[in-house]
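Novice: Here are the chains, one letter per residue:
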Amino acid sequence: MATCLKRLRRFASIGRKGQEYSTTCDEPPKLQKSGKTVNLFTAINQALRIALETDPRAYVFGEDVSFGGVFRCTTGLVEQFGRNRVFNTPLCEQGIVGFGIGLAAMGNRAIAEIQFADYIYPAFDQLVNEAAKFRYRSGNQFNCGGLTIRSPYGAVGHGGHYHSQSPEAFFCHVPGLKVVIPRSPNQAKGLLLASIRDPNPVIFFEPKWLYRLAVEEVPEHDYMLPLSQAEVICHGNDITLVGWGAQLSIMEQACIDAEKDGISCELIDLKTLIPWDKETVEASVRKTGRLLVSHEAPVTGGFGAEISASIAERCFLRLEAPVARVCGLDTPFPLVFEPFFMPTKNKILDAIKATVNY
Amino acid sequence: MAVWFTRSGNVARHLKRNMGFLGKLNHSFLGFHQRNSSLVSPIDESYRNAVVVLNNAMALFSVRCSESTLAEAQRDSRYDEHENQILDFPGGQVTFTSEMRFISESPEKRTKCYQVLDDNGRPILGTSFQPLSKEFAVRMYSNMVTLQTMDTIFYEAQRQGRISFYVTSNGEEAINIASAAALTFDDVVLPQYREPGVLLWRGFTLQEFANQCFGNKGDNGKGRQMPIHYGSKKLNYFTVSSTIATQLPQAVGAAYSLKMDSKDACVITYFGDGGTSEGDFHAALNFAAVMGAPVIFICRNNGWAISTPTSEQFRSDGIVVRGQAYGVRSIRVDGNDALAVYTAVQTAREMAISEHRPILIEALTYRVGHHSTSDDSTKYRPVDEIEHWRMARDPVTRFRKWVEWNGWWSDEDESELRSSARKQILHAIQVAEKVEKPPLSDLFTDVYDHLPSNLLEQERLLRETIKRHPQDYPPEVPM
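Note that the protein sequences, when read in sequence, are chains E and S. One point on numbering: in full-length UniProt numbering, the residue at position 319 of the first sequence is 319, and numbering is uninterrupted. One point on numbering: in full-length UniProt numbering, the residue at position 32 of the second sequence is 32, and numbering is uninterrupted.
These are computed hints drawn from the structure, not numbers from a lab. For every residue, glycine included, the Cβ atom is placed at its ideal position computed from N, Cα and C. Treat the hints with care, as some may be off.
[Unchecked claim] From the structure, some residues in chain S lie toward chain E, with a derived Cβ separation under 8 Å:
(1) Lys222
(2) Thr246
(3) Pro249
(4) Gln250
(5) Ala251
(6) Val252
(7) Ala254
(8) Ala284
(9) Phe287
(10) Tyr448
(11) Asp449
[As the list claims (entries may be wrong)] With the C-beta cut set under 7 Å, the calculated list includes, among others, these residues of chain S facing chain E:
(12) Asp280
(13) Asn286
(14) Pro452
(15) Asn454
[Said to hold, decoys possible] The following label-pair restraints were derived from C-beta to C-beta distances:
(16) Ser316/S / Ser310/E: 43 to 53 Å
(17) Pro90/E / Val383/S: 43 to 53 Å
(18) Pro478/S / Thr37/E: 51 to 61 Å
(19) His388/S / His161/E: 49 to 59 Å
(20) Arg393/S / Ala305/E: 51 to 61 Å
One chain only, chain E, in its complex shape:
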């Protein structure tokens, strides 16, 4: 427990001013190979570069990707791989995803970017009715597994309604899609490469808030991290916390504070939201007897509801308290009121205490 706490203190700075950042308490051995210290968009860039290098039939496309992208994730790619493989598309999300499906169906790796997750909805039909069902409806004659949709999501401090959304829950309800969300540069590179190479259509949401602020050592080589495997970042005994993406760093801070009050928290990064790793979460809740889920997206119908219901089904008699959800409010994402809307560290801390003292 003390070791875990020490590790947390060393690594869990939120990185508001670009400090050293990592939420990993237990580094898996292979990732300890040292690399350069880079931020999230550079890690994404590395992953895309490797994807294009290792597969001559990989393509990267979307609005403004040529010059490097509005978040610089695609910098330098067109110079290295040419305009036939890295290219701008017209401003049309349904076109981008439809085009990507067709490209993937012909056996290519189609890595499409949706500039902001807030703008993914015009492509909802193509994603839900086409991409998700492509393999199933054809009896496995066809598939668009080579399709990966990358999109920045989540709060950024000043994004308002249309630059802050977390739409993951809509897609978690669609059998046939995978939804993956990394928490850090290290994780992002490995998970993105895994998503690109996974033979199923994957939506990869990148926490835009962390693009520049999250900085850590990322190995320069080609590596993948497994999908549908949750990771216990911090071990504890009193309560299990589950989250993903940028929210994990907030939860980590809450865990540190809770530790001061003698509450030992087990923090889990879900990483893949569908298909999600119920087994790891269940095993943890069997140990702690308590669960708290936190996400930025509005609480009603958010993915926390699925986790809560599933764990309640599986661990009802073991639970010492109701499953807590600390999430965004049921409103459009506000500008001036963002600090009130967000699931903050103290909201989480209060909920941890309430759950433990139930």
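Go by the hints and put chain S onto chain E.
Specialist: Quick look at chain S alone, frame taken from chain E:
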């Protein structure tokens, strides 16, 4: 003139205040012009004033002035590379006009329709078309008849309750078969749902059609979709989905792949008049033009989207005129004329592949049948209109006349073909009806490439439930 200049001077001052960048532009242009006044000729007082006015109006506004001097200035400006920088907009140079004229919402004349055979199956004088061999023409005709027969019998099978649903292609046999005949088997097909003839041409058997409609274990799609949602990897025919026009942007991505792989092949994708109202149509044509994708877009303009006539679908002159709006070469053809369709598609294919461009073909036709077996079109259109098209404008009959006129077909051939086709189809249905359904496990596979843990669990629980309540479940699905 002086009054006008004063007014425009005020405008200029107002603009300078409010449009910082353009104001700077004005200054720099003026400065440049003054430095390079030697390049402008002939210079006299009124001309210089005219140029100043032109500057002050930011070159964005149509300037009504003394035509001779200003026109001179404009003409000189247009041809002088350097001075014209301001008059170029992103996208290229535009010629200015002082006449304010709106482009009419409809052309004076509708786009002409390419036709080869008249209603009696005779080639129209002066028409050019791709000649066919006897074998090929007979093969085309046989497929059209088989398609027509298949439609009749499957429709009846649905009426008898033997299959749950069916969609006919009555009236569109020429589009189906002739377009397919103009392609190679390497060309990738992304259909809507009224193009089974393309599959038939490529060798999809009557048994395979029946299997899919019955959803038995012979169905490529493993019984997961409604009847007529065919698909065949072997025949390069993407599986049908009910959603309208979603195949169109996918066709562009597929075509882009063929181009990147330097394949001697194109993509062909079909849709109806109704489908052109979907956003995916717009997305697809625009993407195709920008990407230079070798894809043939074939619109079966059959006049109806279920009960909605084209007059309630769009106000443009059909679909063909939309092509140019996207930078797509297009043609309108008589969709009931097999030779016209064949020739146009073959030419389009060559253009698409060799020039790396999309082509739009609007095939005018008529949907003789109902939208589907769930529809009764006599509710929204006159019966005699339907009968007219069924009898007098039948594409199969029209092509038959041409084939007969060539001496390649007889009445005996006709009756033999029709009865043979009928027998085979009936047999296929009888067989399909008895084949068992796909196993229960096919409910869960292919959602992903591997079964995830949640589906393994759900299958286990379902099987327990089935054991407890077998009466709730159809016995034809093997466990």
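Novice: Could you run down the list of hints and mark each one as holding or not?
Specialist: Structure-based check of all given hints:
1. Lys222: holds, 4 Å
2. Thr246: holds, 5 Å
3. Pro249: Check passed: Cβ of proline 249/S comes within 3 Å of chain E, closer than 8 Å.
4. Gln250: Nearest chain E Cβ about 4 Å off; hint holds.
5. Ala251: holds, 6 Å
6. Val252: holds, 5 Å
7. Ala254: holds, 4 Å
8. Ala284: holds, 7 Å
9. Phe287: holds, 5 Å
10. Tyr448: Hint holds; tyrosine 448/S Cβ to chain E Cβ min 5 Å, cut 8 Å.
11. Asp449: holds, 4 Å
12. Asp280: Holds. Min distance 6 Å.
13. Asn286: holds, 5 Å
14. Pro452: Where the cut-off is 7 Å and the nearest Cβ of chain E is about 4 Å from proline 452/S, the hint holds.
15. Asn454: holds, 6 Å
16. Ser316/S / Ser310/E: 43 to 53 Å: holds, 52 Å
17. Pro90/E / Val383/S: 43 to 53 Å: holds, 45 Å
18. Pro478/S / Thr37/E: 51 to 61 Å: holds, 58 Å
19. His388/S / His161/E: 49 to 59 Å: With a Cβ separation near 55 Å, histidine 388/S and histidine 161/E satisfy 49 to 59 Å, so the hint holds.
20. Arg393/S / Ala305/E: 51 to 61 Å: holds, 58 Å
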